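Enquirer: Both chains come to you apart, so use the hints to assemble them.
Read off the chains here:
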Amino acid sequence: MFPGSLMMGAKDRLLPPSVPYRFFVAAVAFHLAAWVLLAVAGPDAALGFVGGQGTALAALHLITLGTLAMTAMGAAIQLLPVATRRPLGPVWACKLMFAVYAPGVALFCTGIALAVPGLQHGGAGLAALGLLIFGGLVAANLRKVDDLPGVTRHAWLALAGLLGIVVLGFALVVDFTKGFLGDHGAIAAAHGVLAAYGFMGMLALGFSYVLIPMFVLGSAVPDVLGKRTALLSAVALGLGALGAALGLGVLAALGALVGLAAAVLYLKGMRDSLKTRMKKRLEPFFRLVWIAWGLLPFSLLLALPPALGAPLDPWGVLWGFVLVFGWLLSFVTAILQRIMPFLASMHSSALGGKPALLSHLSPKLPVDIHLGCHAVALVLIGVALAGGWAWPMRLGVLAGLAGAVSFGVYTVEVLRRYGSHMAAAAAAHQQG
Amino acid sequence: MAATTMDSGEAGKGGPPEWMALALDAAPMDVRGFLAQGEDPFAAIMEAAAVVEFGGFLVIDAPFNPSPLRRVLAGRGFSSYGRKLSEGHWRVFFHLDGGADWESGAEVQVLPEGAMTWREDDGIHIDVRKLSPPNPMLAILRLIEGLDGDETVVVHHEREPHFLIPELAERGWRIARVANEVVNVRLWLERAV
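Residue numbers (the UniProt record's numbering), protein chains in the order written: chain A, 1 to 432; chain B, 1 to 193.
Worth double-checking, as some hints may not be accurate.
[To be verified] Which bits of chain A does chain B cover? Going by a derived footprint, with three or more residues having C-beta under 8 Å, they are:
no., segment
1, 204–214
2, 238–248
3, 350–360
Rather than coming from a laboratory, the hints here were simulated on the basis of the structure.
Note that this is a predicted model, so its numbers are computed, not measured.
Note that the Cβ used here is the ideal one computed from N, Cα and C, for glycine as well.
In isolation and in its complexed conformation, chain B is listed as follows (with noise of 0.2 Å):
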């Protein structure tokens, strides 16, 4: 099942890019056995991509967005796309080819913190892990002042973010539910009622 996508850089556009369709034939590597065990896969990644040649391709399969080892990938050249496929179970590919339009082609939006937020069917997600602070706190209420309605922001961090419950508390919202997980502490957050 693909993402519920949100196209950034090109209205409109929605799908995949072109170079997808080559992407297919590359054999994805499986990191969620090592997060399953505890173990941080970044450099058996780092390893892989390392070897990838110009115009060839990368697949990561992991539980979530990877979203900073995008934003990671991107610094040296990949674009990406993601697709979540089901519960816990996403495929990224990566295209080495300048990286210049990286996000362009991708489901995601970025924040001028460099944040990155997608739909998905339980809210709006938004990562923040690997910003430094306060770029965290200002993304997540930057995102949640622009929201109508009663929409959850769903946020993937590093840490329960202690220093974000007052700003929270003073715009109307809270914190309903924390999960932690290996390298992604998600936070619901839903209006205050």
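Just chain A, same shape as in the assembly (with noise of 0.2 Å):
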């Protein structure tokens, strides 16, 4: 009885749940593997980076391709549509997607730990061929949704940043061997700009406005105060990769300036969200979404050293660290902890059976220690980055690792317990 009514009264298709959980594993394994890495290349890997093939760059890439970006895919395939209410793609794209992006990750970062210029390029190849196909779904989804501008101008945002590290991707890799680029560093960190506060942040942002209300039973955020963020983000984006990219650091510096304007929106809108939530004790996973929420803004502030000149030994590496480790890797492990369960008993009842309840999916050990180990890994990598100290560096990557090994558990066992859940209804269906 409304515009747009009989489009949205078609049935919601929701993906097996083999899909999804494809990518959340995945994710879980490069996260692992980046430590593991970290803690065999020693400290001296990571302490000093400021670029250049290697294990600290490999590592790197195995949280913001494998973890970060993995998990975003996985979760927006399932999400986005339900969030939507629109379709996203045949399942045989979701899967292809993924059949490319994960070796292609793996190749990757093997090729830039070991300096192999062959799977490098194919690595990358395979990689952007799979986040291609995640843009175009994606893409082909947000074109037919004109009723959640907070959600979809930051999914827009989020596609244009992939385009653009594609590109700058390719250039830097090829630069490796060829040496084309003028400034390696500029384009490299103009690239880093639009990975993480672009593709990553702003599909974090736009999820936010859905996840978190959803998560903690708050009000929705209000579409005005999701268009500002979006608009103040679009011009953040282009200030800070433009200024990188040119070298211009002032202009990077009002980037970030405006990014932490941007922030400080979504952070209110979400702090008005949560006031009115029904939920109110906060779950578990909402530990990270704190410490994330605080180093958003942390890390903007950081951006504008480097940017006006200082040394990018500390403040460059420190601002890369406390960006991808601490805003994004808190965040996306949250959303990964508290996701997976719910995707699982999301599923749980499609045998007809009772659906498995949350809070049995949901080991709550694994994910203490995750979160103090992470915690711990934040502080003394960082401290280790700004005093230049390797002790505290060995110290914080055994803490990431055990932290890993942690999440890795946690996902095998919300996986046991849907399994087993699943086998039980699947007895009980047969048995009539």
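Expert: This is the structure in structure tokens:
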């Protein structure tokens, strides 16, 4: 009885659970691989890192491409069509996306770690193909949506950032062997801005507007606020990426300040939603969200010194660490921690039985251990990078590794409990 | 047959508003044919509403209680009152009076998220269509958390709310049945045994 209601009456399609879960399991595996690589490489690999091939860059991409983007892809293909009430695309395209992307990331990171151009080029090509399939699927979905501007505008910005990082990423990879870029570091910084604040950051903000109110049962974030953060983010990304690429530090710093304004508005929207929440006791995953939200504006403040000419060691590497491991990795592992049992519960009544309870699917001890280790790793590695000290770096990496192992245990346990529930449901179904 | 009613704004009033006597003279616009053919009658209703003068009436016959339409027209100054005449046949009377107390003369209750609830023979109905996410989920959970006993909740939604399933399970509720109709996906929620 209202415009567009006929389309909204269509039955939503859930993907087979194996499709999003293959992304989540791969994300957890790459997370573990990154910390293993850092532990094996020793503290010198990360201390003073300001670019160039090797284990530090490989570990960084295991986190960014392997964990952050992989999780975003798995979550988006399942959540986007449900949130926007529009179909995403064929299941085979989602499977193809994973089939090229996951091995692409593995090859690319191996190539970076071992400085093998063939592996780098092949891996980058496959990973880029996977990202472009993802971009195509999301764009096709978003084109049909006009009633979620707060979410869709951030998603469009993320896709624009994706195009930018693919182009700049290829240029950087080829530059390792051809050396055609005038300033490799400047392009790498622009690539980092577009990847972390653009692609991942915009997906994080856009999905926050749907997921956080849903998980805490808080009020919806007003569209007008989403539109404002999208506008400010677009300006910030333009200034930041252009300033970094052209070596115009003041422009990049201005971008960071505008980005800070967007972050403050975003956090205000989240605070308002939290204030009205029905769930007075926040779930364990939210502890990581608090860390992430604290470190998002901090990362933007930390972007100012290197943009304005402070030495990249330690300012540049500290900024990159807080941005990727602090804001994004904390946020993504928080969402992953919540979404894996959530999707399992959603699918668990497929055979007609009782759905599995979220509380039964989520073991608490592994996430407690992960939280503690992750927080310790952030502090110790941050201190090590700031002071150039090896021993806190060594301890911090070990803490990160222990956290990644614990998160792996959590993932296996969620899937095991889900599998047990479904096996019991299938047996009951067969018995009639 | 009039619907079992629940007065939201004025306890004990229960019956139709005073303007109903005048509204009975207006010819109803029957949109059930549109919906049976899979067509959305919204535009036609808006056209009809646009020519109603202040103090005038619009009467709609629909196969269900058209709660989103009532909210939309309330925003344009219409008070409304609905009656269930028979199974699959509702008659809703609209009165262009400014709509300041549009819900006080109706048989529905409006929850904080904007969802409308009313009681029928098969349980408490809640209409969450046209609400921004996650307000449909919030309204449904708020309703079931306030219920005692084994009453059934009938949800009128735009789609199957997959995200609701885990939250219902945590509260000991389940979706017992789903019916997909044009512009109205109905879900029967019951306590899990």
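Enquirer: Against this structure, judge whether each hint is valid.
Expert: Going down the list of hints, with the structure as the test:
1. 204–214: That given contact holds, which follows from 3 residues of the segment 204–214 of chain A lying within Cβ reach (below 8 Å) of chain B.
2. 238–248: Three-residue rule not met by the segment 238–248 of chain A, so violated; n is 0.
3. 350–360: holds (count 6)
Of the numbered hints listed earlier, the single one contradicted by the structure is hint 2.
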